[in-house]
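J.: Residue numbers (the working numbering), protein chains in the order written: chain A, 1 to 236; chain B, 1 to 245.
Calculated from the structure, these hints are not laboratory results.
Treat the hints with care, as some may be off.
[Unchecked claim] Sample of chain A residues at the chain B side, in silico, Cβ under 10 Å:
hint, residue
1, L128
2, V170
3, L181
4, Y221
Bear in mind the structure is a predicted one, so any value in this text is a computation, not a measurement.
A virtual CB, placed ideally from N, CA and C, is assigned to each residue, including glycine.
These are the residues of each chain, in order.
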Amino acid sequence: MWSTVTSRRRRGRTVFRDAALVAGKDLRIELRSRVGLNQVLPLAVLMLVLFAFALDPDTGVLERATPGLFWVAVLLCGLLAVQRAFAIEVADGVTDSLRLSALDPGAVFLGKAAAVGLQLLVLQALLLAGVIVLYDAAPSGWPLLAATCLVATVGIAGAGTLYGVLAAGVRVRETLLPLLLLPVLAPVLLAATRAFEAGFDGRSGEGWPWVGLLAAFALVYIVAGLFGFGALLEES
Amino acid sequence: MTAETTAAPTGTSSRGSRLLGVVTLAGLALVVVLAFVATAADTDMGESVRLIYVHVPVVTAAYLGILATTVGSIMFLWKRSEWWDLVAASSAEVSAVFMGLTLVVGMIWGKPTWGVYWVWDARLTSTLVLFLLLLGYQAVRRTSVDPLVRGKRSAIVGLLLLPNVVIVNRSVEWWRSLHQEPTLLRLDPTIEGLQLFTLVLAIAVATLLLGWLVIHRFRLAWLQDQVDRRWLVDAIDERRAEVPA
Numbered sequence: 001m002w003s004t005v006t007s008r009r010r011r012g013r014t015v016f017r018d019a020a021l022v023a024g025k026d027l028r029i030e031l032r033s034r035v036g037l038n039q040v041l042p043l044a045v046l047m048l049v050l051f052a053f054a055l056d057p058d059t060g061v062l063e064r065a066t067p068g069l070f071w072v073a074v075l076l077c078g079l080l081a082v083q084r085a086f087a088i089e090v091a092d093g094v095t096d097s098l099r100l101s102a103l104d105p106g107a108v109f110l111g112k113a114a115a116v117g118l119q120l121l122v123l124q125a126l127l128l129a130g131v132i133v134l135y136d137a138a139p140s141g142w143p144l145l146a147a148t149c150l151v152a153t154v155g156i157a158g159a160g161t162l163y164g165v166l167a168a169g170v171r172v173r174e175t176l177l178p179l180l181l182l183p184v185l186a187p188v189l190l191a192a193t194r195a196f197e198a199g200f201d202g203r204s205g206e207g208w209p210w211v212g213l214l215a216a217f218a219l220v221y222i223v224a225g226l227f228g229f230g231a232l233l234e235e236s
Numbered sequence: 001m002t003a004e005t006t007a008a009p010t011g012t013s014s015r016g017s018r019l020l021g022v023v024t025l026a027g028l029a030l031v032v033v034l035a036f037v038a039t040a041a042d043t044d045m046g047e048s049v050r051l052i053y054v055h056v057p058v059v060t061a062a063y064l065g066i067l068a069t070t071v072g073s074i075m076f077l078w079k080r081s082e083w084w085d086l087v088a089a090s091s092a093e094v095s096a097v098f099m100g101l102t103l104v105v106g107m108i109w110g111k112p113t114w115g116v117y118w119v120w121d122a123r124l125t126s127t128l129v130l131f132l133l134l135l136g137y138q139a140v141r142r143t144s145v146d147p148l149v150r151g152k153r154s155a156i157v158g159l160l161l162l163p164n165v166v167i168v169n170r171s172v173e174w175w176r177s178l179h180q181e182p183t184l185l186r187l188d189p190t191i192e193g194l195q196l197f198t199l200v201l202a203i204a205v206a207t208l209l210l211g212w213l214v215i216h217r218f219r220l221a222w223l224q225d226q227v228d229r230r231w232l233v234d235a236i237d238e239r240r241a242e243v244p245a
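Whole structure, please, built from the sequences with the hints as guidance.
T.: In structure tokens form, the structure reads like this:
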């Protein structure tokens with residue numbers, strides 16, 4: 001009895017250590033290659049500019065649509081981050097090494113999701129600064145906004161990593177991933193936008209139920225990823 | 001090769017499926033007569049009520065098909081058998097067609113009844129997202145020829161179809177209720193007599209039609225896999241024959 005408890009505890013500790021290793025590897029590659037910094041972040045700013053061209057800033061439409069545009073930009077740029085996270089694995093057959101490394105597949109999932117999530121948080125910080133400067137947005141409910149960003153990021157990173165590995169080994173992955181992932185992330189876009197609207201208008205109380213919905217979504221995909229990732233990693 | 005020991009069928013029909021087909025076609029003919037001739041037009045909706053006899057049965061059958069996909073996906077992950085994989089895939093494909101039909105018929109009905117083709121109602125929105133997810137499933141099916149790889153990938157996508165729809169449906173419903181949208185005029189279950197009988201019969205016939213199509217699609221997919229496997233075996237034999245003894 002005691003031995004199983006301690007072994008389970010030891011296994012749990014190993015999972016987190018393995019996850020930290022994988023996340024560290026991905027983030028180190030990102031820091032050295034600077035693809036996110038040099039390409040994805042400028043693209044996010046470019047999107048803000050394009051939205052302003054499409055919706056005339058003088059008519060007030062842009063201001064009202066700001067929360068939605070923010071999250072559309074996060075989703076589209078997040079898609080690139082997910083694609084990048086698996087492009088680095090497929091390139092030199094790293095997936096095979098990952099499988100041979102005897103790392104727990106669940107830990108690989110958590111590690112990759114954590115690395116994607118961290119990049120998404122940086123992206124959101126930049127986009128938030130962007131909408132404040134460019135769209136003259138005046139957010140007020142900061143605890144709500146921070147919680148929304150954090151929980152939505154877990155959901156996007158979890159679902160993104162699960163569908164990312166599914167599409168990773170496929171020749172048509174660039175076109176397959178958006179088709180699979182974006183309909184799945186529709187509730188995240190909806191809930192995060194409503195929460196941001198409440199935060200921007202100073203009605204924080206109305207935003208918290210949406211954070212709950214985001215948390216439920218994140219939970220579903222973290223659990224699905226922990227159990228499904230191993231089977232998919234084998235085949236990618 | 002255990003597959004080669006079974007007798008090679010020359011088509012996708014059998015006595016059972018032919019009988020099912022005849023019953024389905026006869027049922028369809030009866031539904032057409034009842035829906036377009038025998039039943040009266042609705043006092044509120046007029047002639048457009050007849051679309052209900054297509055819309056409701058088709059969407060019911062589509063959901064049954066998706067249930068079969070979920071069950072097939074779970075069973076594949078458990079048993080790893082090609083049979084369950086093909087059950088999931090065949091019913092997903094037929095369900096995608098039925099879902100598309102549901103959306104089109106619903107929009108044709110919506111224009112004269114609501115004045116618009118589309119409203120962002122929870123049921124409509126989740127049906128549309130489900131249709132898109134089914135298209136994604138079809139795309140995953142075409143990514144690999146290896147049955148095991150294809151099966152695992154599509155089983156995960158198939159398994160997540162229903163949870164996704166539930167989350168989308170809940171979130172959209174919540175969104176609309178927070179906005180205090182006026183609730184739409186819905187077809188209340190006030191129909192009775194011949195109209196009710198027609199609707200129930202149409203649902204039964206649509207379910208039979210789904211079953212009939214899934215059986216044929218399943219057999220076609222199975223034969224296709226046999227051909228693919230056979231092609232590989234033949235090619236290897238050919239190369240072996242080329243090597244001088």
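J.: Which constraints among the numbered hints does this structure fail? Numbers only, ascending.
T.: Number 1 - this is the single hint that the structure violates.
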